[in-house]
Amino acid sequence: MSEPLLDIRDLRISFRGPDGTWSEALRGVDLSLERGGVLGVVGESGSGKSIAMMAFLQLLPRGARISGSARFNGEELIGMAPSRIRQIRGKNIGCIFQDPLSAFNPVLTIGSQIAEAIRLHDRSVSRREALKEAERLFEMVSIPQPARRVRQYPHEFSGGMRQRAMIAMALANRPELIIADEPTTALDVTVQAQILDLLADLRKELGIGLVMITHDLGVVAGIADEIAVMYGGKVVERGPTDPVFYDTAHPYTAGLIGAVPTLEGTGALRQIPGTPPSIFTRPQGCSFNPRCERAEAVCLREDPPFAVHGRTSCACHFPLGPSLRVVGS
Amino acid sequence: MLAYIVRRLISIPFLLLGVASVSFLLSQMTKGDPLAALVPERMMSNPEIVEAVKAEWGLDKPLPVRYVRYLGNLIQGDLGTSFSTRRPVATDIAERLPATLELVIAAMIIGTALGLCLGLLSARFRGSAFDSLARIFALIGSSLPIFWSGLILLYLLSVRIALVPGTGRLPPRVQPPPTHTGLYTIDALIAGDISLFWQALAHLALPAFVLGWAVTGIITRLVRSSLIEGLGQDYARTARAKGAPERVVLIGHALPNAMIPLLTILGFTFAYLITGAVLTEAIFSWPGIGSYAVRAAASLDYPAIGGVTIVGSVAFLLANLLTDIAYAWANPRIKVH
Ligand SMILES: Nc1ncnc2c1ncn2[C@@H]1O[C@H](COP(=O)(O)OP(=O)(O)OP(=O)(O)O)[C@@H](O)[C@H]1O
Ligand SMILES: [Mg+2]
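Residue numbers (this note's numbering), protein chains in the order written: chain B, 1 to 329; chain G, 1001 to 1337.
What the hints contain is simulated information worked out from the structure, not anything from laboratory work.
Among the clues, some could well be false.
Unchecked claim - Residues from chain G that keep clear of chain B, each with C-beta distances beyond 12 Å, as calculated:
id, residue
1, T1030
2, A1036
3, V1039
4, I1190
Claimed, not checked - Here are the computed distance ranges between Cβ atoms for each label pair:
id, chain 1, residue 1, chain 2, residue 2, range
5, G, R1135, B, G17, 25 to 35 Å
6, G, R1173, B, R151, 31 to 41 Å
7, G, F1268, B, R148, 31 to 41 Å
The structure displayed is predicted, hence computed values, not measured ones.
Ideal placement from N, C-alpha and C gives every residue a C-beta, glycine not left out.
Can you make the complete structure from the sequences, with help from the hints?
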């Protein structure tokens, strides 16, 4: 078996709280992605999806304590020298962020920001050539009138066009991996689908691996090969996309599936009751226990281990059996 | 944009009429007798002479008449005749304005350059010893009164160790360069006289530094805090995710954003420098508008006071207009109509 493109083992991140004590925001996360594959990372707000990705790119604010391993093409990223990680950022790993308005610099033209992405990694490219390349990238992501558009500022773009430009910027150096952190959350529903299609098509065409972070299982259902569901700083369920949807083992995943709008639109959406825990007030035992219908005494005492269960793996004392399938019920 | 600038320029004369009226009325309300400047002390007891002088300078007319006449002359560009120099105020000012301009421009350059550099380095190495030193340096500049820092530095750097020449614009008996701009440094360069240029620059250095130091603090603090704010913004994270080193994030991304608040305070800074120039000129015997204003105020020379006020207002209004233009230029989100 060939080496995975990205292989994360036991990744842990702690932040110092206001009272000076350290709290673990990420509590031992394992994830891996094959070359050219798509991994969906799903979970509610605060589950640690973003910090997991920012950690190995060394983009977390100073003061975060990180341990564990994250290998990219076999090369360890955790603790890597800043000069080396800078070569990888933007060149081998591209990023797409949630809010394209604040993610672009408001006082620089979009074209110059894309040109910068190119020239940061290849000094031999002139500004003019880089701007020409930005135009070609605009064509690739179907932004009309690229020659005019590259000279415009972020505020002159619509939300959808801005996110297309963001995708163009992430693709600028033909990376092997793209990390898209909720790329459609800030967009209108109609635009969301277009952006998702564009991203899926381009990455397939270029053979780029994709980590798609979202709190909406529906977003990754169509494009992910594998799905990892995160809750309270841990991966609580992981497996190929189909089993995660149809042989769901973790009650939290089942709750998320209930929250996915279906095309038929029949029946009210089921929400998971309660709110996710903060890293400073995490409950004893399984961190999902306050919201779980199946919780028993053991769930309040012991954090469940991660184990294979049917066609997926999950961390639950009382996983759902095949008979308890949620979809279609 | 052009229409906007023209509109602003058209409004300036009207604003000036307002300024002139206020300054005229205020000066009429002050206690004190301008005749002291016009009539020698020993002739004060002679009512005939006093009346003659009053009539000559129009001081015998009632206030409304004098006001209308003053504004009428003003519209024709006549600022009146100074009580003490007995020359047209406009001529006096034209002669002295370049000295002040040279001082204020140099101070502006020093203050801004110093503030930018200190702010950039403080933001880059925030929390370091350098950051604290820069903060102290900036704080001293903005809290020390100019007459104090000016005198101390003049004493230390000129009297004690002779690092810089003393007061004035040039050494005594040195001929100024032929006038083109009235700024000795520039005129010396135009004349191709390099040694004269260095002499003028050496005389300019200390007063310009004293004046510029006073505004370094506010600029340093503003630049530092805007940059640090910028480094925490999403666009900075995007730049880092593209592989930009911290230096590029700071100078290429945070700095262009910091220019917007910086340009906004440069207008206020300029106004502060104009006021500060009065003290600086007095300390360094700088023959500019400031020392002229001090003398005019001391002798209740109304025409001179009015003239200085108007020139100061013009400078202030133009600086504000320039600030607005620069602001619109630095901020692509602003569309001026
Ligand atoms: N700089 C920080 N200092 C302290 N805590 C932090 C910091 N950054 C993140 N956290 C905490 O880490 C947890 C995970 O944050 P993260 O941003 O990864 O969530 P997320 O899953 O991406 O959620 P969202 O959907 O809101 O983006 C949160 O509870 C957050 O409060
Ligand atoms: Mg997030």
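Structure-based check of each hint:
1. T1030: holds (49 Å)
2. A1036: The assertion about A1036(G) holds, with a minimum of 57 Å to chain B.
3. V1039: Non-interface label stands for V1039(G): nearest chain B Cβ at 62 Å, farther than 12 Å.
4. I1190: holds (36 Å)
5. R1135(G) to G17(B): 25 to 35 Å: At roughly 29 Å between Cβ atoms, G17(B) and R1135(G) fall inside 25 to 35 Å, so the hint holds.
6. R1173(G) to R151(B): 31 to 41 Å: About 58 Å separates the Cβ atoms of R1173(G) and R151(B), which means 31 to 41 Å is violated.
7. F1268(G) to R148(B): 31 to 41 Å: Given a distance of about 38 Å, which is inside 31 to 41 Å, the answer is holds.
Hint violations for this structure: number 6 only, all remaining hints satisfied.
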